[in-house]
Structure formats: structure tokens, C-alpha cells
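There are 2 protein chains.
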Amino acid sequence: MTVPAPSFDGDHDSLVTALARAGRAAQTQLAQLGSAQRKAALCAAAKALRAQESAILEANARDMAAGAERGLSGAMLDRLRLDPGRLAGIADAVAAVAELPDPVGQEIDRTERPNGLVLSRVRVPIGLIGIIYESRPNVTADAAALGLASGNAVLLRGGSEAVHSNRAIHAAMVAGLVEAGVPAAAVQLVPNQDRAVVGAMLTAAGLIDMIVPRGGKSLVARVQADARVPVLAHLDGINHTYVHAAADPAKAQAIAVNAKLRRTGVCGAMETLLIDALYPESASLVAALLDAGCELRGDARACALDPRIVPASDADWDTEYLEAILSVAVVDGLDAALAHIAAHGSHHTDAIVTEDTVVAERFLAEVDSAIVMHNASSQFADGGEFGLGAEIGIATGRLHARGPVALEGLTTYKWLVRGTGQVRP
Amino acid sequence: MTVPAPSFDGDHDSLVTALARAGRAAQTQLAQLGSAQRKAALCAAAKALRAQESAILEANARDMAAGAERGLSGAMLDRLRLDPGRLAGIADAVAAVAELPDPVGQEIDRTERPNGLVLSRVRVPIGLIGIIYESRPNVTADAAALGLASGNAVLLRGGSEAVHSNRAIHAAMVAGLVEAGVPAAAVQLVPNQDRAVVGAMLTAAGLIDMIVPRGGKSLVARVQADARVPVLAHLDGINHTYVHAAADPAKAQAIAVNAKLRRTGVCGAMETLLIDALYPESASLVAALLDAGCELRGDARACALDPRIVPASDADWDTEYLEAILSVAVVDGLDAALAHIAAHGSHHTDAIVTEDTVVAERFLAEVDSAIVMHNASSQFADGGEFGLGAEIGIATGRLHARGPVALEGLTTYKWLVRGTGQVRP
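One line per chain: the protein sequences are X and D, in this order. Just so we're aligned: 326 in the working numbering is position 326 of the first sequence, and the numbers increase by one with no gaps anywhere. Just so we're aligned: 18 in the working numbering is position 18 of the second sequence, and the numbers increase by one with no gaps anywhere.
Think of the hints as simulated: they come from the structure by calculation, not from any bench. Every residue gets a Cβ at the ideal spot worked out from N, C-alpha and C, and that includes glycine. Certain hints may be false.
[Stated by the list, open to error] One-sided excerpt, in silico: chain X residues whose CB lies under 7 Å from chain D:
no.: 1; residue: G116
no.: 2; residue: S377
no.: 3; residue: F380
no.: 4; residue: G383
no.: 5; residue: G384
[Unchecked claim] Sample of chain X residues at the chain D side, in silico, Cβ under 8 Å:
no.: 6; residue: R62
no.: 7; residue: S160
no.: 8; residue: H164
no.: 9; residue: L219
no.: 10; residue: P230
no.: 11; residue: E295
no.: 12; residue: Y321
no.: 13; residue: I371
no.: 14; residue: A390
[To be verified] A short list of chain X residues far from chain D (calculated; beta carbon distances all over 12 Å):
no.: 15; residue: R86
no.: 16; residue: D102
no.: 17; residue: A196
no.: 18; residue: K217
no.: 19; residue: R262
no.: 20; residue: G293
no.: 21; residue: I325
no.: 22; residue: A336
no.: 23; residue: Q379
no.: 24; residue: E385
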């Protein structure tokens, strides 16, 4: 079953208003459902995704054909492509979200005032969350599942390359949800691909409570520039690993190679290696990276470590490569490393490798990033690895939620005050 | 001592950039100071406010004279006015903030992953907070104290009516802070009153981390409309008290009179009274409010309760009076009360009076407001009454912090990951 689209006369603000009102009304109903019913609905949605495999793959084939015709790059086509294995993975992820602990109703703290008033803060859903994303059709299912599991309604606006895939995934999930008693409008997909709809979503303050952009830098930058609605954004991950003088060489080498090369395209990948001038094994450290196929761009002292290292330009220190390229600088001690990170970092994930715990604790305290690590690979920057079960993204802003964001980050709180007739003097 | 103003050639963006860079650098230094040193600095600032009483009162007298000449209203002049008692109160409030528990460095949670990584979230300052306010000079001291106590730098932009008072208060506080080792730029006052500076602050994304507007509705609305920087905003408090059929009449009357009339100009004041059609003492309830001097505007059934009640217009249900006027509706049961609040409330503070705890718990669960109360006056909506020691404001947005915001709401968190050489498979 598909959800009937609201009538649309070309006025994007009216369209978004109609969708948002329907979503808010559905969210109010959703908030009354218990945790068990929301979990059951997610399981039904996962089941429907599996049951409608052929319809979804057929829709995806149409998107793939259109994409090939439009000359999408191989990487883009790969992001767009579904097959039985990938679709099963999407359904499994939805079912896995259903198993996560429900944050809604959780008591954050409770105090009793001298006048007998009992105050508590409990987690509540944020409301209606707008998700704006690009060509990956799995986001349709992921975002819907995370939103619903935290009691929110979602308004999804996917990329036009994936329009048929998204509609098929959405229709399957809604069929499952409705069967389980969740109102269809709890998960809505914007019914047309006009770019002006995105603008209308971004300015729908009071109707949409939060926007989560999922995609490349230019999408996120546009959303941040134009939004009147609060944005949970993920920008660059210009992540540093600082190998301190007292680093264990085996750990340093394993961490550096893993942090850069395990997967180069993820936001937690290391982009700059800072080597302490007093670290004794710097030549073998850079050799290990070079031998593993990584291009190294160094400052003068780094270039002196190995003839294969090419000189870095000024821009290299501020670049998120997302490929097998790494900038390398030799620094004089912790303070120089901290200064480099403060000047060039993007406050995502930065790490130190050292056996000196005093130095490590200073690094943990003083680096102002969402995630700061000691003796670990920055590639652990991930909601799953953090035990959150999933993630809607890694927030690089400072407010509301920071770092990997899963269900808790999709809630807010309210204060409950229980009295016995108190009036204020 | 006064802080030298950055050189200014009329380019407001450059001015704000220079101020923000200085503030951010000072915040980095401030973050390295321990809690004890920040507390000592606040005590020194309080002492300096007391020591410079005559200079501050003299500056205030200049503002008062200019305000009278410009024909400011009596209410505005009263907000502007300082006297020895009020100034002592301001100094005392700064000293009291120094006594609050320091949230910085507090561990929110800690988990160990199966691979041995130890994850913790610790509270850290937000960074540089911009405060935009109107004619009350006490905000200069309050906001600076709350900002500093939570490790943040602040950039203050007060109203032009209070320019001399603000400068004198700022100069006194900075003198105290500097004496105690806090960099002067941790608390900066925008050195000119050009309104374009506000616009430059609102768009200084990446330089200012959060804006807190303190003032009337039009100021807050302008800030929300124009800001690119996240805003911690306080909008209307259209607060409801619902007197349920099973309310204790003595409690209902005491709470209603207190919620409306204790102080009518505060954001926690009740603006609409909902009386259940089955509540047996409705006539005496409205009589108590009328006898206490409150104007009542009712729907048809409320008007039938007392001839002194005048008919309400549609606009009354959406009005924050902030004076001795109250709208009153008779509603048929809890669901009708919830529907009225959902339609007309501003998600600030809503209360129920009832002896039926099942009904009360449904009200607490289903009303989507920052503060929901049972058997208590909505005038308790206040950081001090909540045991927070102070407040920078009551947030009516949904994200980051909600309800009364004090030190904790002025912090964010970072994730610390402590490993022993783990790499990601």
C-alpha cells in the first residue's frame, strides 16, 4: 500500500505545511503507543521489506537504468544499487533498531525541593524530524527506523536518483507499520523531487523540529546555510592521530595504518598524522603507511624521513582526503600537537598514541573535539562501535548531541513537577 | 580598568570577528583554569562590583537622565534603574553563582566495550556565547557570571538605553576577573551600539557557538529569524492550569490565584484557566480570582459562572497577557483539556490540579511542554525554584536544553575513548 500524497498545486510551502501537519498529528498518536507497540511495528516494517523484495529490486533497477543513462559515476551507481543481500541487510538493520533500549520515558534525574516539590526530567521524542539525503536508498529505511524507535515522526526527502527505490522501500515499511497500528503519516516521503521542497522544509520552523542532512559536504553546507529549523549536522572529519614520543611503536604503527587505511572513505578516517620529533621509530612508521599504498604529503621534517614522501601544500593541513592520502607533520611535543589540531582540526575525532598517561590525560582534556581517543584507531568513531546500536550520523556541531547520535540524540526532555498544592511565596 | 576596544573601521563583521577571535582565545585559556580559580575570579568580580558602586551608580544616573529625556516609559525606566540595594543584589548574585557546583569535567556516563575500549562522556563548555539583551543592566553581570562559571567566554551586547551602566558594570567585573588571573577577553562588551553589530553576531557561525537573547518577544523573534548561530530562545509562556473534576477545592483556589497573580509579568504566570465541567466549585474558584482583582475573559460556559466575567475573543486563547487578565474556559474532561493545551499552548509550563493520580500521570505524560506540573503553581517555573541556583533563561525550544537553563545547559559534552592499542577489524 502507498500513502496518498496530499493535494499539491505547486506551492512548496503549502505542500510542506500539509505534510508536516499530518506528520505532527501522527507523532502525537505515536507518542501514546507503548514501547512494545513501536518495536512490533518496526519488526513488521522489516518483514514487509523482505516480503516486497521483488518490487523494491525492480524499482531499484529502474533507478539504476536511469542513472546509467544520466552518466552517474561508478561510485554513485554503487551507492544506489540494491541486491538481495543489501536489501536483507536493510531489513535486518530495521529489525535491529527495534531491539535497542527505548529512551522515551527514561528518567534523567529526579530531585526533591525543600518545599516538597518533586522534579524529574524524562526523555521525550523531539517531534517531527526532516531527513534530507542523497542517493543511498538505505537511508529511507534507517532514518525511518531510528525516528520511529525514538517516538518521532519523520519526513523523508531523498535524492532524485533513488526516487523509485525510495518509494518502494517507503511503501513497504508503511504497509508494515500500518498493519501494526502505527499511523501512516508517522513516516512520510516527500511525494515530488522538486528542489524547492528542500527550501520549504529548511524554513518550516515550528512545523519541523529538526533537520538531519545525510550526504556530502555540499548538501550539508546548503542545509546549514539556509535552515531556520535546527540542524543536526555532520561536516568534515579532519582527524588527527598524534604519535607521542612515548608511544609504543607496535601500537603506533597498527593504529596509524588502521586509522588511515581500514576504510579511507569514512568520516572517522585519519587525515593528518602528527609525529613527535622525539618519537624514535618515525621512519618505520611512515614506511609502513607508504608500503601499505598510502600517499604521504609531509612538512619539511616529515619529507626527510622517507624519499617517497612528497611536500605538503598549505591546503593539505585543512583537507579531508577520504582516500589513501595522508598529510604528515613532525611536531615538537604535546603543545605543538595541540596547537596544530586547534588550528586545523574539524572537532570530529582526534587521537593520541602514548604510554605516558599524564600526557594522554592532558590530550583528552584539552582537545576540543566531539571524540578524543587514547591508544585507539579513529575508525572506531561510529555509533555501532560505541555500543549505540546504530547512528543517524556523527554530529560535528556543539549543541544538543555531539559525536555519534542514535536514539538518545533523537530525544529531548521535559520537566515533570509533582506537588501537593504548593504555591510560590 | 577597561578593556581596550578592538580597532573598528565601520565593518561590523570585522568587528565581531575580532571580538569573537579574542573571546575564543580567552575561552581556551579559561578552560585550562581549574574550577577553584574560576570561582575565585567570580568572587573577585563580585567584590569589584561592590567596590565600584559609586562609578556604576553614576553611570546609571546618566542612562536614567537620557532615558527620561527620550521619554522612556515608567516600566522601562524601572528596569533600567540601579540603586545601592539593587547593585548589592547584582553583586550577591555573582557571588552566589560562584558557589554553584561546577558542571565542567562532570562524567555523564561511562561504558566499557567488549574490545576493552572505555568510553565516557564528560561535560565541556560550549565555547563563546553571545548574549543579546535589552535595558536591564543586571543581565551584564548575570550572563557574564553564568558563562564564566561554566567555562565559557561571553560576548555581551546590551541595549543602548543602558550603555553607560553596562560599561561600568563590565569594567568592574573585568577588573576583578583579571586580578584573579582570568583573561579580560573572557567577558567582552560590544564597544558600540550600532544595531548592525547584532546582525553580524547572529551570522557569526563558527565564531560564536550559541546566542542567548534576553528580552521581549520582538527581540527574540528577530534573533530567531536572522540567526545562523544556534539560539537558546525563550518565547511566549501561554501557560494553562487545568482544574480537574477531582481537584481539591482549597488547593485549586490557592494554586490558581498564585499562578496568575503572585507576579503577573513573569513567564511562568498562568494565562488560561481550564475548569472541568464536572468540577463542583467552579463559581467560588472564579470568584476568588475576580475578588483578587483579576479580569476574567471566558467562553460561554465560563461567563455563566459569574456576571463579572467578560466574553473572550478568539485571540484571547493565544495571548500571553503578562498582567492581571486571565482567559477561562470550561472543558469536558481531560481529553478536552489536553486538546485545548495542544491547540493554544506555547509548550512552556502547564499544570493540572487533581487528587486523581491516574489522571495526573496521563496529564504529565501527554502534555508536550518544557515543564508539566501536578498540584503546583506554574509560578515555580524558575531556575532558582528548580534548585539550579540561577538561570540564563527558560528555553522554549526543544533542542539542547529545555525549561530553566543554568550552568549545565551552558555546557556540551565530548566523548573520551581510552584504549590499549585497539584497531578496528
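Evaluation of the provided hints:
Annotation: X:G116 was flagged as interfacial toward chain D, and the flag is violated, the nearest CB pair being 9 Å apart, outside 7 Å. Annotation: interface hint on X:S377 holds; nearest CB of chain D at approximately 5 Å, less than 7 Å. Taking 7 Å as the C-beta cut-off, the interface hint given for X:F380 holds, the closest approach to chain D being about 5 Å. Given hint, X:G383 at the interface with chain D, is violated; its Cβ is 11 Å from that chain's nearest Cβ, farther than 7 Å.
For X:G384, the interface hint is violated, the least distance from its beta-carbon to any beta-carbon of chain D being 10 Å, above 7 Å. Given hint, X:R62 at the interface with chain D, is violated; its Cβ is 36 Å from that chain's nearest Cβ, farther than 8 Å. Against a cut-off of 8 Å between C-beta atoms, the interface hint on X:S160 is violated, since the closest Cβ of chain D lies about 27 Å away. Nearest Cβ of chain D to the Cβ of X:H164: about 34 Å, over the 8 Å cut. The hint is violated.
Annotation: interface hint on X:L219 violated; nearest CB of chain D at approximately 17 Å, more than 8 Å. With 8 Å as the threshold, the beta carbon of X:P230 comes within range of chain D, its nearest partner Cβ sitting at about 5 Å, so the hint holds. Annotation: X:E295 was flagged as interfacial toward chain D, and the flag is violated, the nearest CB pair being 21 Å apart, outside 8 Å. About 18 Å separates the beta-carbon of X:Y321 from the nearest beta-carbon of chain D, more than 8 Å, and the hint is not met.
For X:I371, the suggested interface contact is upheld, since its CB lies about 4 Å from the closest CB of chain D, less than 8 Å. A distance limit of 8 Å between C-beta atoms decides the matter here; for X:A390 the minimum to chain D is near 15 Å, and the interface restraint is violated. Against the 12 Å criterion, X:R86 stays outside the reach of chain D, whose nearest CB is about 21 Å from its own CB. Distance to chain D confirms X:D102 as a non-interface residue, since its nearest Cβ pair spans about 14 Å, more than 12 Å.
The claim that X:A196 is not at the interface with chain D holds, since no C-beta of that chain comes within 12 Å of its own (minimum 20 Å). At roughly 15 Å, the least C-beta separation between X:K217 and chain D is larger than 12 Å, which holds for a residue marked as non-interface. Listed as a non-interface residue, X:R262 fails to keep its Cβ farther than 12 Å from every Cβ of chain D; the least gap is roughly 6 Å. Here X:G293 stays apart from chain D, with its beta-carbon at least about 17 Å from theirs, past the 12 Å limit.
At roughly 20 Å from the closest C-beta of chain D, the C-beta of X:I325 stays outside 12 Å, upholding its exclusion from the interface. The claim that X:A336 lies off the interface holds: its Cβ sits roughly 15 Å from the closest Cβ of chain D, which is beyond the 12 Å cut-off. The beta carbon of X:Q379 sits about 4 Å from the closest Cβ of chain D, which is not more than 12 Å, so the claim that it is off the interface is violated. Remark: the non-interface label on X:E385 conflicts with the geometry, its nearest Cβ contact in chain D lying 7 Å away (cut-off 12 Å).
In this structure, the hints that do not hold are numbers 1, 4, 5, 6, 7, 8, 9, 11, 12, 14, 19, 23, 24, in rising order.
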